[in-house]
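Chemist: Next come the chains, spelled out residue by residue.
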Amino acid sequence: MRILLIEDNTELANAISEYFGHIGHPLDWCESAESAEKLLAYQSFDMLILDINLPGKSGFQLLKQLRAQSDEIPVLVLTARAEVDDRVSALDIGADDYMVKPFDFRELAARCRALLRRERGNASNQIVCGNLTYDASTAAVTLHGAQIDLRHREIQLLELLLNNLDHVLTKEQIADRLYRFDEAYTPNAIEQVLTRLRKKLAGSSLHIKTIRGLGYLAHVDD
Amino acid sequence: MLGVLLVLSAGIWQYANRTADISYDRLLTGSALAIIERIRSRNGQVEVDLPYAALDILSLAPDDKVYYVVSGPDKQYLTGYRDFPSPERYTPSASPVFYNTDYLNEPIRAVVVSKRLDDPGVSGWVEVRIGQSRNARNSLSNEILLGEIAVLVLVITLALASLAFGINRTLSPLNQLSRTLRERRADEMGPLPDTDIKEVKPLIASIDQYRTRLQSNLDMMQVFIADASHQIRTALSSVQAQLDMAEMEHDKDKLQNRLALIRNQHRKLTRLTSQLLTHALVAHRRDTNQFQPVKLDTLLSAILTSEVRDHADSSIEFNYSNTQRDLTIDADPVSLRECLRNLIDNAIKYGPENNSITLGIDVEAEQVKIFVEDQGPGIPDEMLQRAVLRFERIETGKNTLGSGLGLAIVNTVTEAHGGQLHLSNRQPQGLRVELVLPRRRI
Amino acid sequence: MNITIRAAIVCLLSISSLQAAERRIDSDQGFEQFTTSKSVKRLDIYSATDTRAIKPIIEAFARRHPYIDVRYNEYESTTLYNGLTSGKITGADVVLSSAMDLQVKLVNDGHARTLNIPESIDLPEWSHWRNEAFGFTFEPVVIAYNKASFKDTPVPSSHESLVDALRNDPERYYEKVGSYDIRLSGAGYFFATHDTVVSSISGRILESLARASSHTYCCTSDMLDDLVEGKLALAYNVLGSYALARARKDDRIGVIMPEDYTLVMSRIALVPKQTDNFAAAQAFIRFLLSKEGQQIIASKSNLIALRPEVTGPSSIAAISEKRQLRFHPIKIGLPVMTFQDEMKRERFIREWSQLFDARAP
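Here the protein sequences come in this chain order: A, B and C. Residue numbers for the first sequence follow this note's numbering, beginning at 1 and rising by one. Residue numbers for the second sequence follow this note's numbering, beginning at 1 and rising by one. Residue numbers for the third sequence follow this note's numbering, beginning at 1 and rising by one.
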């Protein structure tokens, strides 16, 4: 897991480095988009934390350039600008997430983990969410290291939620995945599966929120 | 102005050419008539006795060459330049016909004139063609052209000068006004000196009105800054105090306690700063009119999603209420987002742990109500009105983070959208905040 | 070579060897040759002016421009004109001719090049046209006479008095008057036609000359010869430059410049389109018109200088002898072409011939 932090404020960068080292995720750091380009040219990273206000080439320009080169590396953008527009445009040009300074380091770490988790989930079969682990190849779920028995639909639902962390899934989207065309289901059925799943995962880092009128959202809190 | 000059010059050029042609065409005609008059028949032969005057007349154009040819009936060549060209289509006639041609590699202006001879033995049209190079015409037309253009330039210059003078005179009250404004101190607020010029009166009135409005905004800003600095300084001193005490602390548990207090104060400061900046942002956007079509469903569900994510670990219940998923209104999405986030954050902050918060819209014929409902303590009825005002802390007896800035932001955004803010308490408990926006752009 | 060239004289001049220039090598082909030298540029002057008259000025020019190899070719004026217009004469850089009408026609028909003559060269208004044709001599048309024939009676001093004298004293003048045969002489034709332009009695002059059975000649010099010998008492309309030059040398001859009007013609220089040596040609004409060139004409040649400010035996001042004369210069320009009109010419010559052919045998 290599994270590259591109931040020109030395104090902030040192603090982030120290914090990430402390929680077991040491990161690399450079001060400008130009030096980041050089690093990226011969080293591979799993994620970038990118400050927008940089001397010389801006973070936006670097990001645009990466995406133009079809580099899909996850990028979390940091912005100190009062312009809330930054948030919008950062996502528009291909940032995966953003945070506005000042921010909470714990929050930053959590966002990074979420991005890495999504990335890793795509690459391997195992998804780790804090104290919860899911192995897609064996459909095995462990909580605090102990295996939990889940029914088929519960596993399907869990996998669906884990693959869409922090995104809203509508009841219809869930039903489409959980039930075949010919299977009759009631809206309540999904609630029931969800209720069982919540109960079995009680105490885990995975929160499954119901937003009435909108759908469901899963979030890992670690 | 250059364009006008060009068009006029083109006109003058044509005029100059025509004038030059008319003058020298007269000479040509004179010469041709002098020659044709001297065509006689003698013993059945046509003869011409070229008069000295014919070429003498044309030497009034002193540097021009002359070519001529005389032919008898049936185009029989008599004398002159045998191959001098004829006009393209020509029917013999006693009146002169002018044409342009080229001869011996030079442009030539020529005339042809004919005469009917009806003498014994000789009958038919005799013809004189005589042409002249264009030196004199060109120099006359250039002379006319330059003369006229000089006059034109003079006239235009005079016109521009008098125009400039006139404009200057007309605008002198404005210059006076701008001098007055320039010399004023920024904080000098009395009305501007009155003017006698009728046309300028409304302008002065408008400037005065504008200044009054500006002043009230400035006054408001002053209060705002005073209050903000008070809050920031208080929070900063508190952090400072806790840091000083933490330094002296040796007991590990107590130190942890201090740090928690510092973190709490810091969070408060962060939020305050963030709110201040957001307020500045929405105020700026209000002043610069950043309206565009906004699909409310997309905006609201995005806001709600990010709120749910940020509070996923809480036991707050979030709800979304929108039956008009396709509704699009004219609005500023950025300020609207800030406004609604503030309302939701407020609901979370002041509500109980198991709060239930609903974001939704009610659509009516003329207006859209965007609302946020919670199950918090609400606001005492007598304070509902005051709560809307900027920087007024709501006395709820519960000590929470935050400032009155949240509602001030909401208020600014509402105002920018030409809407109204409604606060009402719900039964059995809770607060409903409604942004009532007109459906059409103001 | 064109056989019609009657008197082609190629004069090859070089300043570097003036002595050699004087050495004549006469040849049977009828041309004189001076020595030549290797020079950078060449200047071919084609001229209908006799070599002796023009030589001093050409030598002076050649002295001044040692690197220009000047060659002088003498032609008869009509041959020169026909050769230039038909393209049979090529290689001419300067054309000098006393046939004003032909020179003007060359200009009008586009055979001449525009020259740049400095403003400082102050020329009379009538003496140039279009910056292409430049008169460089001043040549009154005069009456020459045998002094002995007029011992007892005054010489007619005007056209008018000439007509009266011919009418009133026919014996004295019978077969004793000479004039140009306008069929043979371009100059004679030119003078006779211009009499008709200037004077209302030109018809009467011709008539009186014919009635006196006057002799007609091709050339001024022949008439002067017959005057000297006493075969003629008076010659009408002869070239003033030649007559005055002869009178200076031979006091049997007198010259009258008619008081009512004295026609003045001018030899014309131009540079033909075909020239390969334009710069040298222009330099030559500038020199011809310059004060220096004019002074040479006035002092060293038999021609009369055009510019009034120069001095010498053949300057305007010298020939006028302080008399009030009515010089009538023929303006170089379009009108002189009038008598070159074919039909006009034919008609004039026909009428002239009718008069003169009717003379008593």
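Derived from the structure by calculation, the hints contain no laboratory data. Careful, some of the hints might be misleading.
[As the list claims (entries may be wrong)] The calculated lysine to any residue pairs, modelled on SDA-like cross-linking and capped at a C-alpha distance of 20 angstroms, are:
1) Lys199/A / Ser314/B
2) Lys101/A / Tyr52/B
3) Lys75/B / Ala283/C
4) Lys115/B / Met343/C
5) Lys105/C / Lys75/B
6) Lys105/C / Thr234/B
7) Lys273/C / Tyr103/B
8) Lys105/C / Asn319/B
9) Lys105/C / Ile262/B
10) Lys268/B / Lys200/A
11) Lys273/C / Pro107/B
12) Lys268/B / Asn319/B
13) Lys101/A / Ala164/B
14) Lys105/C / Pro51/B
15) Lys101/A / Asn319/B
16) Lys268/B / Lys171/A
17) Lys75/B / Lys273/C
18) Lys273/C / Asp260/C
19) Lys171/A / Thr234/B
20) Lys171/A / Tyr52/B
21) Lys171/A / Arg267/B
22) Lys200/A / Arg40/B
23) Lys268/B / Arg106/A
24) Lys295/B / Val168/A
25) Lys101/A / Ile262/B
[Said to hold, decoys possible] Sample of chain C residues lacking proximity to chain B, with all beta carbon distances greater than 10 angstroms (derived):
26) Arg42
27) Asn108
28) Arg130
29) Ser157
30) Glu259
31) Gln282
32) Ile316
33) Phe327
34) Lys331
35) Asp341
Fair warning: this is a prediction, and the values are worked out from it, not measured in the lab. Think of the CB as a built atom: it goes at the ideal place given N, C-alpha and C, for glycine as much as any other residue.
Chemist: All hints are to be evaluated individually against the structure, with a verdict given for each.
Modeler: Hints, verified against the model:
With a C-alpha separation of about 16 angstroms, the suggested pairing of Lys199/A with Ser314/B holds against the 20 angstroms cut-off. The hinted pair formed by Lys101/A and Tyr52/B fails the criterion: a straight-line CA distance of about 105 angstroms is larger than 20 angstroms. Between Lys75/B and Ala283/C the alpha-carbon distance is near 47 angstroms, which puts this suggested pair outside the 20 angstroms criterion. Proposed proximity of Lys115/B and Met343/C is supported: the alpha carbons are some 18 angstroms apart, at most 20 angstroms.
In summary, the hint linking Lys105/C to Lys75/B is not supported, as the alpha carbons are separated by about 25 angstroms, beyond the 20 angstroms threshold. Restraint check for Lys105/C and Thr234/B: not satisfied, since their Cα atoms lie roughly 112 angstroms apart, outside the 20 angstroms limit. At most 20 angstroms may separate the alpha-carbon atoms for a hinted pair to count; Lys273/C and Tyr103/B meet this at roughly 17 angstroms. With a C-alpha separation of about 111 angstroms, the suggested pairing of Lys105/C with Asn319/B is violated against the 20 angstroms cut-off.
For the suggested pair Lys105/C and Ile262/B, the alpha carbons sit about 116 angstroms apart, so the restraint of at most 20 angstroms is broken. In summary, the hint linking Lys268/B to Lys200/A is not supported, as the alpha carbons are separated by about 37 angstroms, beyond the 20 angstroms threshold. With a CA separation close to 18 angstroms, the supplied pair Lys273/C and Pro107/B stays within the 20 angstroms bound. Under the criterion of a C-alpha separation no larger than 20 angstroms, the hint pairing Lys268/B with Asn319/B is inconsistent with the structure, at around 27 angstroms.
Simply put, Lys101/A and Ala164/B have alpha-carbon atoms about 56 angstroms apart, too far for the 20 angstroms limit, and the pair is violated. Taking the CA atoms of Lys105/C and Pro51/B, the gap is near 17 angstroms; set against the 20 angstroms cutoff, the hint holds. Proposed proximity of Lys101/A and Asn319/B is contradicted: the alpha carbons are some 29 angstroms apart, above 20 angstroms. Proximity of Lys268/B to Lys171/A is assessed by CA-CA distance (about 38 angstroms); at most 20 angstroms being required, the pair is judged violated.
Taking the CA atoms of Lys75/B and Lys273/C, the gap is about 33 angstroms. The hint is violated against a cut of 20 angstroms. Between Lys273/C and Asp260/C, the direct Cα distance comes to roughly 40 angstroms. Violation of the 20 angstroms bound is thereby established for this hinted pair. For the hint pairing Lys171/A with Thr234/B, the CA-to-CA distance comes to about 48 angstroms; that exceeds 20 angstroms, so the pair is violated. Taking the CA atoms of Lys171/A and Tyr52/B, the gap is about 116 angstroms. The hint is violated against a cut of 20 angstroms.
Straight-line distance between C-alpha atoms of Lys171/A and Arg267/B comes to about 37 angstroms, which puts the hinted pair past the 20 angstroms bound. Taken as a hint, the Lys200/A and Arg40/B pair is broken in the structure, with Cα atoms around 136 angstroms apart against an allowance of 20 angstroms. For the hint linking Lys268/B to Arg106/A, the alpha-carbon distance of about 17 angstroms falls within 20 angstroms, and the restraint holds. About 18 angstroms separates the Cα atoms of Lys295/B and Val168/A, which keeps this hinted pair within 20 angstroms; it holds.
Note on Lys101/A and Ile262/B: the hinted pairing holds, with a Cα-Cα distance of about 18 angstroms set against a maximum of 20 angstroms. Even its closest Cβ contact with chain B, about 27 angstroms, leaves Arg42/C beyond 10 angstroms, as expected for a residue assigned away from the interface. With 10 angstroms as the threshold on Cβ separation, the claim that Asn108/C sits away from chain B is violated: the shortest Cβ distance comes to roughly 5 angstroms. The Cβ of Arg130/C does not lie farther than 10 angstroms from every Cβ of chain B; its closest approach is about 5 angstroms, which violates its non-interface assignment.
Chain B leaves Ser157/C outside its interface by the beta-carbon criterion, the shortest separation being 27 angstroms against a cut-off of 10 angstroms. Even its closest Cβ contact with chain B, about 24 angstroms, leaves Glu259/C beyond 10 angstroms, as expected for a residue assigned away from the interface. Every CB of chain B is more than 10 angstroms from the CB of Gln282/C (nearest about 19 angstroms), matching its label as outside the interface. For Ile316/C, the non-interface assignment is confirmed: its Cβ lies about 24 angstroms from the closest Cβ of chain B, beyond the 10 angstroms cut-off.
Its beta-carbon lying about 19 angstroms from the closest one in chain B, Phe327/C satisfies the requirement of being farther than 10 angstroms from that chain. The claim that Lys331/C lies off the interface is violated: its Cβ sits roughly 8 angstroms from the closest Cβ of chain B, which falls inside the 10 angstroms cut-off. For Asp341/C, the non-interface assignment is contradicted: its Cβ lies about 4 angstroms from the closest Cβ of chain B, within the 10 angstroms cut-off.
In summary, the numbered hints that this structure violates are 2, 3, 5, 6, 8, 9, 10, 12, 13, 15, 16, 17, 18, 19, 20, 21, 22, 27, 28, 34, 35.
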